[in-house]
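Could you build all of it, start to finish, from the sequences and the hints given here?
Chains as they are written, first to last, in this note's numbering: chain G, 1 to 282; chain F, 1 to 99.
There may be inaccurate statements among the hints.
[What the hints assert, rightly or not] Derived DSS-like pairs: lysine-lysine, alpha-carbon spacing no greater than 27 Å straight-line:
1. F:Lys57 x F:Lys93
2. F:Lys57 x G:Lys44
3. G:Lys192 x G:Lys86
4. F:Lys57 x G:Lys116
5. G:Lys46 x F:Lys93
6. G:Lys86 x F:Lys93
7. F:Lys56 x G:Lys44
8. G:Lys86 x F:Lys73
9. G:Lys279 x G:Lys214
10. G:Lys44 x F:Lys73
11. G:Lys44 x G:Lys73
[Claimed, not checked] In silico negatives: residues of chain G with every beta carbon more than 12 Å from chain F:
12. Ser43
13. Ala222
14. Lys261
In case anyone wonders, no lab produced these hints; they're calculated from the structure. Just so it is clear, CB atoms sit at the ideal spot from N, CA and C, and this is done for glycine as well.
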Amino acid sequence: MLQKSMIKISSKKILVGSALLAGLTTGAFAHFQLLYTPDTALSKGKTIELREVFTHPFADEHTMDMGKQHDSKELKSVEEFYVINKGKKTDLKSTLKGITFTGQHNSGKAYASQYKAQRMGDHILILQPAPYYEANEDAYIQQITKSIINVAGTPTDWDSDLGLKAEIVPLTKPYAIWEGGSFTGIVKSKGKPVPYAEIEVEYLNRDIDIKNNKTGKSYVEAPQDAFVTMGIKADKDGEFTFTLPRAGFWGFAALGVGNDKTYKGKELSQDAVIWVEAKPMR
Amino acid sequence: MKKVLLGLIFLTGSVFAHTAIMSCFDNGDNTITCEGGFSDGSSASGVIFYVLKDGKKVFESKMTEDSEVTFDKPEGDYEAVFSAGEGHSVHVKSSDITE
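Written as structure tokens, this is what we have:
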């Protein structure tokens with residue numbers, strides 16, 4: 001009898017312990033809005049696949065339901081999704097199709113879309129999802145996300161300052177970086193630099209299986225948690241540089257730099273995200 | 001003499017520092033659009049463009065203000081040529097032009 005109750009207590013302890021650990025794990029790694037396409041430097045125009053997933057790119061320990069709200073079970077749809085090529089803006093919201101995306105530990109509601117990147121030059125894709133309710137923090141997160149693809153190698157729009165509420169304006173073409181090269185950007189809010197902005201950097205550590213909408217095996221292991229989400233800061237002019245040690249996709253998220261600070265009466269972190277691709281040198 | 005030398009250096013620099021680029025696509029209505037440009041982002045407006053078929057020019061024009069040209073799709077194989085001077089011409093084969 002005594003033995004039984006002891007076992008009971010210890011299993012309860014273990015449960016509480018693992019729940020705490022799960023809580024810590026979720027809190028420790030950064031949320032990143034993914035705006036993924038397999039190749040950002042296209043030799044010629046073509047229709048590309050895009051996946052819009054709210055996830056943790058390095059650890060892949062939780063895939064969020066995009067547009068989750070605290071006061072409703074219904075997910076809120078994407079606020080804005082468009083592309084700019086040679087200064088011309090085209091709305092892409094109608095191209096988004098709801099999907100279930102499967103990570104290593106769970107599945108989440110995400111989107112898939114296709115885009116005909118026909119014309120030469122840069123195509124700046126901007127995704128503004130609805131704020132997401134993060135229950136652990138009782139707060140909302142909205143990541144205004146930029147991915148830039150290029151057709152044929154002529155630069156046209158990549159360095160444009162779009163005056164977004166939260167934005168990282170690149171000073172390096174995000175699609176033309178060798179592995180081992182560096183990326184420089186300026187954190188801005190409505191065109192104004194944000195001094196000493198806090199930036200989280202993560203490597204997309206998994207294959208994205210476009211066909212089956214799921215992640216594959218991880219590429220590298222972090223020696224310690226500080227390498228999973230790397231925290232850096234912009235300088236007094238909002239500028240930062242980061243060296244990309246490995247080919248693949250790197251996400252940069254400048255936290256809480258947007259104008260909007262509350263949503264539905266709760267705290268809102270309006271972040272600026274940009275995705276950068278380093279190409280292997282071979 | 002010094003001025004001339006400097007001028008030459010500058011000219012050389014600007015000519016060789018960038019690459020001519022052209023990309024073409026089929027509009028699906030029996031016309032083809034070719035866009036021209038340079039790796040430094042400069043405009044291709046006014047650059048000579050022509051279409052070769054069996055070694056003969058069947059269309060000739062200049063790149064518009066928007067650095068592009070649209071022409072009727074020739075039957076069979078052809079080649080689109082962006083001719084921005086010596087060492088700067090780009091040839092795109094019809095087999096590489098898709099919708």
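Now the hints, each set against the structure:
| no. | hint | verdict |
| --- | --- | --- |
| 1 | F:Lys57 x F:Lys93 | holds, 14 Å |
| 2 | F:Lys57 x G:Lys44 | holds, 24 Å |
| 3 | G:Lys192 x G:Lys86 | holds, 23 Å |
| 4 | F:Lys57 x G:Lys116 | violated, 31 Å |
| 5 | G:Lys46 x F:Lys93 | holds, 16 Å |
| 6 | G:Lys86 x F:Lys93 | holds, 25 Å |
| 7 | F:Lys56 x G:Lys44 | holds, 26 Å |
| 8 | G:Lys86 x F:Lys73 | holds, 25 Å |
| 9 | G:Lys279 x G:Lys214 | holds, 23 Å |
| 10 | G:Lys44 x F:Lys73 | holds, 19 Å |
| 11 | G:Lys44 x G:Lys73 | violated, 43 Å |
| 12 | Ser43 | violated, 9 Å |
| 13 | Ala222 | holds, 37 Å |
| 14 | Lys261 | holds, 37 Å |
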